[in-house]
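These protein sequence lines are chains A and U, in that order. Numbering-wise, the first sequence is residues 0 to 170 according to numbering that gives the first Met the number 0. Numbering-wise, the second sequence is residues 0 to 87 according to numbering that gives the first Met the number 0.
Hint data in this document are derived by calculation from the structure and do not stem from the laboratory. C-beta: ideal position from N, C-alpha, C; glycine also. Where hints are given, some of them may not hold.
Partial list, derived from the structure: chain A residues whose beta carbon lies under 10 Å from chain U [to be verified]:
1) Phe-41
2) Gly-47
3) Thr-78
4) Gln-82
5) Leu-88
6) Asp-104
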Amino acid sequence: MGLKASIKGLFGTSKKVGERVVLYAPVAGQVVPLHQVKDETFAKGILGDGVAILPTENELLAPVDARVEQVFDSAHAVTLCTQDGVELLMHIGIDTVELGGRYFDCCVKMGAWVKTGDVLIRFDREAIAKEGYDVTTPLVVGNSEEFEMAVVSQGSVKEGQPILELRRKEG
Amino acid sequence: MKEFSFTVGDPLGIHARPAGLLVQKAKEFESDFTVTLQRNGKCASLKRLLAVMGLGVKGGDSITVLVQGKDEAAAAQGVEQWMKENLA
Numbered sequence: 000m001g002l003k004a005s006i007k008g009l010f011g012t013s014k015k016v017g018e019r020v021v022l023y024a025p026v027a028g029q030v031v032p033l034h035q036v037k038d039e040t041f042a043k044g045i046l047g048d049g050v051a052i053l054p055t056e057n058e059l060l061a062p063v064d065a066r067v068e069q070v071f072d073s074a075h076a077v078t079l080c081t082q083d084g085v086e087l088l089m090h091i092g093i094d095t096v097e098l099g100g101r102y103f104d105c106c107v108k109m110g111a112w113v114k115t116g117d118v119l120i121r122f123d124r125e126a127i128a129k130e131g132y133d134v135t136t137p138l139v140v141g142n143s144e145e146f147e148m149a150v151v152s153q154g155s156v157k158e159g160q161p162i163l164e165l166r167r168k169e170g
Numbered sequence: 000m001k002e003f004s005f006t007v008g009d010p011l012g013i014h015a016r017p018a019g020l021l022v023q024k025a026k027e028f029e030s031d032f033t034v035t036l037q038r039n040g041k042c043a044s045l046k047r048l049l050a051v052m053g054l055g056v057k058g059g060d061s062i063t064v065l066v067q068g069k070d071e072a073a074a075a076q077g078v079e080q081w082m083k084e085n086l087a
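The task is simple: from the sequences and hints, build the whole structure.
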């Protein structure tokens, strides 16, 4: 392993060039290309590159083994960081910060390590939709400029099915 | 080095969308930005999305931004102006 191949990151993460990270669908539903998400901050990749799912279930699961970085008071979004330094943001619905936590129940604490498939947030997608919100749930990599990324699922997905593949870039 | 303080007026604070836009604005400049949340002293780089979101800045919170680099004058002015237009 060369010097460049093993760099200890800011948070003690290991950042190996070429390392492959697979992210698994955090919820069952329909895959929505990020550029079709009806929020231009996501659609234009301002929050990072990734993919979205229109959920058909009410539990958001961890897409990978990771540490919980941030849970919002309103429990509509969560950020995770993996051991390999992949920074993830999952955001249930569009503009759902405005619901102030109604219909969302966060099941994890900041700083906790979670395993792929652990329940992060329970939500009531019918109630959220009934309030007039789009429940499309983007999954984006905040530091996606550090990775090559491929969306590996289309159409309908089951939770736990591979959805994104990342490979850390040189430098 | 340049420094400015700002009080977030938006009752929703710096949630995902404003954090993304703020990081995008900061990345227009070469300078480094360190933002400190006055309430608890936590700091973060303004160029790292998860770090900015992780501060959990709420409406009414005051933040201080330190800017350091070749284009620090323009960078401080640009980001402060953006905050006034989008987070006040």
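Should the interface hint for Phe-41/A be scored as holding, given a Cβ-Cβ cut-off of 10 Å against chain U?
holds (8 Å)
Report holds or violated for the interface hint on Gly-47/A, using the least CB-CB distance to chain U and a cut-off of 10 Å.
holds (7 Å)
Is the interface hint for Thr-78/A satisfied, with its Cβ closer than 10 Å to some Cβ of chain U?
holds (5 Å)
With chain U as the partner, please determine if Asp-104/A meets the hint condition of a C-beta pair closer than 10 Å.
Violated, because the Cβ-Cβ distance from Asp-104/A to chain U comes to roughly 18 Å (cut-off 10 Å).
Tell me if the interface restraint on Leu-88/A is satisfied: Cβ within less than 10 Å of some Cβ in chain U.
Because about 7 Å separates Leu-88/A from the closest Cβ in chain U, which is inside the 10 Å limit, the hint holds.
Gln-82/A as an interface hint toward chain U, with CB separation required under 10 Å
violated (15 Å)
Checked against the numbered hints above, the structure violates hints 4 and 6; every other hint is satisfied.
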